[in-house]
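Put the complex together from the two separate chains, hints included.
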Amino acid sequence: MADSTMSETARVSPGAPEISRLRLPLHWLGVTPFFVFALVFLILPTVGLIAGAFKNAAGDYTFDNIIALSQPKLAAAYWVSIQISFVSAILGALIGLAMAVAVVRGGLPPWLRSATLTFSGVASNFAGVPLAFSFIATLGRLGVATILLRDIFGINIYSLGFSIFSFWGLILTYLYFQIPLMIVIITPAVDGLKKEWGEAAATLGATNWQYWRMVVIPVLWPSFLGTTVLLFANAFGAVATAYALTGPSLNIVPIQLFAQIRGDVLYNPNLGYALAFGMIVITGLANLFYILFQRRAERWLK
Amino acid sequence: MKQGSRFWAWLVFGVGTTYFVLPLLATFEFSLRKRRGEYSFDAYRSVFGDPNFQATFTYSVVVAVFTILLGVLLVVPTAYWIRLRLPHLRPVVEFITLLPLVIPAIVIVFGYIRMFGSNSTLPFLATARGTDALLVIGYAVLALPYMYRAVDTGLRTIDVRTLTEAAQILGAGWTTIIARIILPNVLIAVLSGAFLSFAIVIGEFTMASLLNRPAFGPYLQNIGANSAYEPSALALISFAITWGCMSLIQILSRFAPRSANRPN
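Chains as they are written, first to last, in the working numbering: chain H, 12 to 313; chain D, 104 to 367.
Extracted from the complex, chain D is given alone in its bound form (with noise of 0.2 Å):
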């Protein structure tokens, strides 16, 4: 009997796995294939030389910085304040940051593009540097489940009371006490947060581009539209990217603090 449910794992984790990997191997063969005949790198070297390539993905680099900087603005000291001051206030808060998954992020863009035309009271899209600004509140819209769930689980592991307590005594005021004592405590976590952010934000496509953005998510798509192995290429660096992000969240787990209360 044991041996039997073995080989059906096995089966089961081979079809799998052959399942995920083969598109990535087909999407690496692909993209060596641009010069006839031989495999080269041409793909890589024509996507890292396009000055498309560059500066979208500059854009989208520090749109992503600035939306972590807004996640982490928002969600620190809510969620420190939450567990801190108002706990009956955090189903409502977790509902409201769950909300993003709830809302498909196309509803959400089409709703700001009617709220913030150049005629409402907060004409956010009557200039570039307000869209880009929009673009940036959107994505910190759209990973703010991933962002407060990290923040609140790193604030699960240190005695968010006592520290605050502690540094009242030693006459903190609570910009320290947020910036000082209970953000490095919580860093790694913030850390996990920011890099999912990142992740989420860098190859995004459906708010950049109806924002009408230079974003990196839009020139994918038209890259895809107009030429033949330079997608792929693009396609396996994203993955990279976004691999990159997952491991630097791990790694970062394996120094997060520990304690009793830590669920998993």
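Excised from the complex, chain H in its bound form (with noise of 0.2 Å):
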């Protein structure tokens, strides 16, 4: 305690240097125990990963399991994961604006915008196993919709090449939690939009049409873009969903991944460390963006 008055006092007056240059690391104890956890327990096993995916078995220097990552399973794997990832941002951010819109500025009645976000928050984390079941109970091969379709409507979704197991029925399961997703944080944007800009673009003559193509999509769209590619790597990284949806036959790189943790499949622990590198590459890449979208996009919302 006496030290923190100390170098209070050392920061104030610049004529006791010589004490400030001795309290400065009693400064950084506070922080400590963070920094080391998040090395410990973040940092270096990721590091360590991503130095293993540059050596060999031996331990020397490679690109080859980079370049083993192009074999056509992986290759496929990383395909296949991108398309879902992406087609379910995509629609999970159009679907998720418009709702958003809706219930921010449709003149819904208001109760019905807390309603919305408060179940979208549940949603939202409510990814994995259960999620799985719920779709299996309701699109599955005898899931209650799946029924309902077939007995009173006569269509029978399964014969229609539909499986809640393929890369669309994993689609629909993800947008229930990229939809609500998307709504948490573009509600805000959404929100930002000021009244007075509707009405400044009135009061010029422009048609509703004119004040959404040049207001409403330029304000928003980098918040848009930003949340997208968001949930571009949401989707990227999610395994207990698909593994609870299709088993580990699905080839995706997190189900890939899995395995491979699981029983070495790939028979060499050092493409294993290069599969995930490449996952970092892609979700790193993607908060990137998230993070430039961003930056571009609060300039609208003080």
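Just so you know, these hints were derived from the structure itself, not from any lab. Don't take each hint at face value.
What the hints assert, rightly or not - Footprint (simulated), chain H over chain D, 3 or more residues, beta carbon under 8 Å:
1. 124 to 134
2. 158 to 168
3. 185 to 191
4. 206 to 217
5. 320 to 334
Ideal Cβ placement from N, Cα and C applies to all residues, glycine included.
Structure follows, in structure tokens:
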């Protein structure tokens, strides 16, 4: 305690540089546990994996593992993962935006807005194994909606080629947490559209369409793009939902990696590290773009 | 024009609501079908009566409590210290707390398995207790972004500097200041972070499964592979738990202190 008062005076009075130099390390003591924890349990394990991706079994540096990612099975896994994440992110973003605009600007009763936001908070965290169960009970081969569609409307979606265990089934399931996440993140941006802008546009004689095209869309665009890449990263890293839905059969990166960690199915640990490295690169890039877009978006939200 | 836009708003809202409510209703209906020919709560009875359910659920609750304790111990002093003394480090700390959103959980746990094996300097994985501890640590890392944000938002609403100086004048040491002055003032924020952590941790599958721990998430997955109606009951139970945590956060936020620099 005494040292804190000392360093306080040291900071304000330039006449005591000696003390401030002596006291500086003590300042850091307060955050040391956090930095040590982050280093040992977050940064070092990740850096270790990345380093492993560039080594061979003997420990020599090599690009072989990265090159080996292009083998057909792994390249296909990345491609399917990217497609699923991309489609679920775009659809989630568009539908989420439409719902956010509907509850904020659509003239719906105000309680619907808070109900929607509360539900979105819940549903965006309702990912994983239970979500997969819900969709199997709904749209599985014997799911409630499947049976209803067959018996009442005469539409057998499974004979039409749909399956909850397929590409589109997975996307339909992912949307259950992607749309709410979009609603949660984009609603403040939609709120940021000031009423005055609409009135100003109307005063200048703009039609509704012109107001949307020249005011609303340009203002929301960075937030929209930013959140879309965030949804992309969100879907790309999701393991549990896909695993519970399709088992180890679906060829996407997280499931390949899961199988590799469980039992070295690639027969090359370093190739497993490369697989993980590829995931970090993709989610890292997505988050980088999110930060860049968000910075642009904040201009309008002051 | 106004009428038209309201029609579209209702349409979008209606379609969206159908998509979100239908799976819940369908899951509920499915979960009642265990007894042939009539609706019953047999699936729920069988779930709650299953000793594995009780064991894994208890295990996950204990892990969640330890995760929250570790998270609070790690985040509250750090966020406080950053506000009080090292504001220039804030971007660095914020960046670190966001990393778990960038690095997928499966990659983090892969790194653990590689780094903390039985032959390493920190052989967490050599014993079951050690692996439990590693799971708690992994969950604390996953919850870090949410915990840090919640606590930092709470700290923003109080005057950290004045409180600290007042406590110091009265002769309080650092432990007293953090435990008896700062923590009670940000308690509501800490609890929000805690409930969110709980919601994330309780049914987590990837880390628990890859570390081979008898947690609720792997149990869920196993039930899903082996029975028909119980998974639906479990899905609704999980949804109710998530819902409960989020509702508690909302209720708590009503008691949160408001100040001029409160962000929302």
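Violations among the numbered hints, reported as their numbers in ascending order: Hint 2 is the one this structure does not satisfy, whereas the remaining hints hold.
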